[in-house]
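J.: The whole structure should be built from the sequences, with the hints applied where relevant.
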Amino acid sequence: NAGVTQTPKFQVLKTGQSMTLQCAQDMNHEYMSWYRQDPGMGLRLIHYSVGAGITDQGEVPNGYNVSRSTTEDFPLRLLSAAPSQTSVYFCASSYGTGIREQYFGPGTRLTVT
Amino acid sequence: SQQGEEDPQALSIQEGENATMNCSYKTSINNLQWYRQNSGRGLVHLILIRSNEREKHSGRLRVTLDTSKKSSSLLITASRAADTASYFCATDARQGGKLIFGQGTELSVKP
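Protein chains in written order, with the working numbering: chain A, 1379 to 1491; chain B, 79 to 189.
Be aware that one or more of the hints could be misleading.
Here are a few chain A residues that face chain B, going by a calculated C-beta distance under 10 Å [claimed, not checked]: (1) Gln1384; (2) Met1419; (3) Gly1420; (4) Leu1421; (5) Tyr1442.
What follows is a set of in silico ranges between Cβ atoms, one per label pair, in the way DEER data are often shown [claimed, not checked]: (6) B:Lys104 <-> A:Gln1395: 34 to 44 Å; (7) A:Asp1404 <-> B:Ser117: 45 to 55 Å; (8) A:Gly1431 <-> B:Gln92: 50 to 60 Å; (9) B:Arg158 <-> A:Thr1464: 29 to 39 Å; (10) B:Gln87 <-> A:Thr1464: 14 to 24 Å.
Keep in mind the hints are simulated off the structure, nothing from the lab.
Quantities reported herein were computed from a predicted structural model and do not represent experimental measurements.
Ideal Cβ positions, reconstructed from N, Cα and C, are used throughout, including at glycine.
T.: Below, the structure written as structure tokens:
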């Protein structure tokens, strides 16, 4: 199993551009989530999903969209990138719809200039 | 605001010593988890303790949970240089499927 994969590893965007961060898992996990990590702030939950077709907002959802059309994929879309979205983004998944051990991807380092 | 807060923010010890990190949270929880993050990497799950449990062990790790004080501690015994990492607690509040992380403790173990 590849586990949780994220692409790209690094990305530089200009202010106002849009892009999609990809996340996929091959463990048939129901629960998937996106976090951003900033220095001194720990991880903050952006959006999460308890199954295909179901998404909900986390702590910091503004400026981001998600969809969950399949169990495997949970892409994160930045609608109009801003310098405040410069961060490291982590995708995670876990078995079942409740909160259990989370498996994290390697992260995407995003810089918005 | 974040649910969990770790204390201390940074901890530096010698190899062989024990390391204790604390986590406080605000609302009732279903469970509390601890994760480790090596520099530049994703997080790795260490241990999960349920709200009806008071203590849990895994190898050199010992986690305690005091729901009356809304706090947890992670003890790493006989630390090694390889334990150098950031450690995060995360809580699953009763009202919904969100796992919220604290700001982390940066542990440095000197050989």
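J.: Each hint needs a verdict: does it hold in this structure or not?
T.: Taking the hints in turn, this is what the structure says about them:
1. Gln1384: This interface hint holds because 9 Å falls under the 10 Å limit.
2. Met1419: holds, 6 Å
3. Gly1420: Hint on glycine 1420 of chain A: holds, closest Cβ of chain B at ~4 Å, below 10 Å.
4. Leu1421: Given a least distance of 4 Å, the restraint on leucine 1421 of chain A holds.
5. Tyr1442: Hint on tyrosine 1442 of chain A: violated, closest Cβ of chain B at ~15 Å, above 10 Å.
6. B:Lys104 <-> A:Gln1395: 34 to 44 Å: Roughly 37 Å apart at Cβ, these two residues keep to the hinted range, so it holds.
7. A:Asp1404 <-> B:Ser117: 45 to 55 Å: violated, 27 Å
8. A:Gly1431 <-> B:Gln92: 50 to 60 Å: holds, 52 Å
9. B:Arg158 <-> A:Thr1464: 29 to 39 Å: holds, 34 Å
10. B:Gln87 <-> A:Thr1464: 14 to 24 Å: holds, 22 Å
In summary, the numbered hints that this structure violates are 5, 7.
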